[in-house]
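Participant: Single-letter residue listing:
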Amino acid sequence: MRGFLYVISALAVVALAFWAYQQNYATQQALRDVRNLQNDIATQRSRLAVLRAEWAYLNRPDRLRDLAEINFDRLGLLPLMPEQFGLVDQVAYPPQPLLPITDPVETRAGPDIGPDTDDEEVQLP
Amino acid sequence: MIRTPLRPLARVLKARQTGENPDAIERENIRLRHEEMRDKARLRAQGRLLVLSVFFLGAFMTVGARMGHLAASEPMEPQARASGSQILAQRADIVDRNGRILATNLETHALYAQPPIMIDKEKAARELAVIFPDLDEKELLEDFTGKRKFLWIKKKLSPEQKQAVHDIGDPGLLFGTREMRLYPNGHLAAHILGGASFGREGVHSAEVIGVAGVESRFDDFLRDPVNEGAPLELSIDMTVQAAAERVLHGGMKLLNAKGAASVLMDVHTGEIISMVSLPDFDPNIRPRPPTEGEPGDSPLFNRAVQGLYELGSTFKIFTAAQALELGLVNQSTMIDTKGPMVYGRHRIRDFRNYGPELTVENVIVKSSNIGTAHMALDIGAKRQKEFLASLGFFQPTQVELTEAPGAQPLYPKQWKDISTMTISYGHGISTSPLHLAAGYASLLNGGTKVTPTLIKRATPQQGPRIVSEQTSKASADMLRKVVTKGTASFGEVPGYHVGGKTGTADKPLTNGRGYYDDKVISTFASVFPAHDPKYVLIVTLDEPTETSGPKPRRTAGWTAVPVASEMTRRMAPLLGLRPEIAPAAPAKVTLTSN
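Each protein sequence line maps, in turn, to chains U and A. Add 1 to a position in the first sequence, counting from 1, and you land on the number used in this note's numbering. Add 594 to a position in the second sequence, counting from 1, and you land on the number used in this note's numbering.
One thing to keep in mind: the hints can contain errors.
Stated by the list, open to error - Covered, in the sense of this in silico footprint (three residues per stretch, anywhere, with C-beta under 8 Å from a C-beta of chain A), are these stretches of chain U:
| hint | region |
| --- | --- |
| 1 | 40-53 |
| 2 | 60-67 |
What the hints assert, rightly or not - What follows is a set of in silico ranges between Cβ atoms, one per label pair, in the way DEER data are often shown:
| hint | chain 1 | residue 1 | chain 2 | residue 2 | range |
| --- | --- | --- | --- | --- | --- |
| 3 | U | Q45 | A | A824 | 19 to 29 Å |
| 4 | U | R33 | A | G823 | 21 to 31 Å |
| 5 | U | L76 | A | F815 | 32 to 42 Å |
| 6 | A | K847 | U | R36 | 56 to 66 Å |
| 7 | A | A824 | U | R33 | 25 to 35 Å |
| 8 | U | R33 | A | F815 | 46 to 56 Å |
| 9 | U | R33 | A | P669 | 16 to 26 Å |
| 10 | A | H663 | U | I9 | 36 to 46 Å |
| 11 | A | H663 | U | R64 | 15 to 25 Å |
| 12 | A | V1183 | U | V106 | 51 to 61 Å |
Think of the hints as simulated: they come from the structure by calculation, not from any bench. Every residue gets a Cβ at the ideal spot worked out from N, C-alpha and C, and that includes glycine.
All chains should be built: construct the whole structure from the sequences, respecting the hints.
Facilitator: Put into structure tokens, the structure is as follows:
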């Protein structure tokens, strides 16, 4: 019985050592991954900063103004001026659509009105 | 263990034979035994103490070693933890009120050389001189072959330059990473931003420190890692600032002025939306301060904040407002304007003769020095001084720029009656355009004091009351009439109800005795919309001349006013103001019968 216990505990020690060894290496791998990821993040951050700076540089007012002047033929951009503001009253709204005709009335009169072509154009709802 | 008996029989018998007391033997033995016990106990205690002291020594040594290690080693980000809070060693960005970038950082490289490990020094010097035309080949070679073991060659490199230096292939030419301050908009808002340069420099990194403007004023904030990279939000609007700079620059060139400044300020919050000083500079390559000539002519000089000028008739509205506030006059009180007004050996004249008397309103509209001087005499020196002090004209502005505290306004130490009279129309007191903007804003926003600020804020300032709301309203009305029928008729911008006051002041001679005949500072202080003031715009031109007529004209009505009017036309839509028709006074109901 005692010999059996010794064997069991020796095996347990071996198993635990194996487990600990594996965990150790898994941890180191995880740390390495984290470090790589953080390096990636740092690279992306600095890239983002550069892109932001470039965006600001490309959108600087001087350049936009020059571009607007160069492309005036195509775009016709002008500085914002008070005259460009309008009132709601000045807006030409589209005419209100005619209400659908729900009970068509027979309007055909005598034959002297004209050629009889209306029939196809009356749209029934 | 052998236990020695307390009463050994042999010794007891022997003692009995010799007649000694055998108890003495027992006591003797007890004593010996106790001594032995004591020695043993002491030894054990000493052993314990030794163990404990070794333990404590070990513990303290561990703590000490860890502290020493922490202090001496390079700081490192914790790796195993999730990256929740990142350590930001970067200088924070500066953005405008809409979040557009005004200043940011860019990673770049610095180039340094270690001559001892260089291989082909002649070739390196030759090729470096080709890459950087501003470097001299001979000087480089001298440096390389001299005793120096280390030298900086360039503080900032572009990626192309870095590649070109790489291609030289000399192991003694090395790169250090650098964080560089970048102002992507170039000249825009140069005087506000100031500039930055390197502080302490190491091979791996260098400290970026602000040298002027908000960069210097908020240096601590921008470098504080606690903010976690939160940007500094200025009250400046980039679009408005760009439009203002463009129009003002055009106006300055058209009117042959040597300098110009403008300030656009929100009257309620005190935020400076745009502040321009021309000529300006590029903060990316900030020039060195001039060593000769007038410091005021340098592009580094911020005319809007540092420039102290006699701003002339723009001050008249303060005199009129105070007279109204004190109840000395109302808008239609007649004021004596018979000229010239003689006071002691001084004579005060008007631009032309306006007849024997004018209403208060017309004194402002026609800009009569004599009428204003009469009102000031009624107010008295003491009250006038107190009023101007309450508007902040005797203190440097508190705007957040390093340069601001240096701009102490100039005013007479002894405030005599003649000072009262001249200061009532803006002569004898020198202030910056920003002072004037703050004064106008305080007077016209309903009558409470505002302090100019460059930091974005959401709420109006609740300053102490300076004048009543009625006086504020009446002042705005008078300023509006100056534009509709007075000296600033070119200032009208349809739809925006500009009100304002012109000011033309002769420049003082450099020796301080008297004034130039042909050099003026012309100023237009305007407010829009006059029926509900929202913005104050100050435009100042230095030595303008309008040459379209037969005689050169220098008055503000011909110079500063048209420029200001064009600026208003361009800026007001950008500020989100739509042109509108001024609301008419509510129709009065007259009771005709009961």
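Participant: Which numbered conditions among the earlier hints are violated in the structure presented, ordered from lowest to highest?
Facilitator: 8, 11
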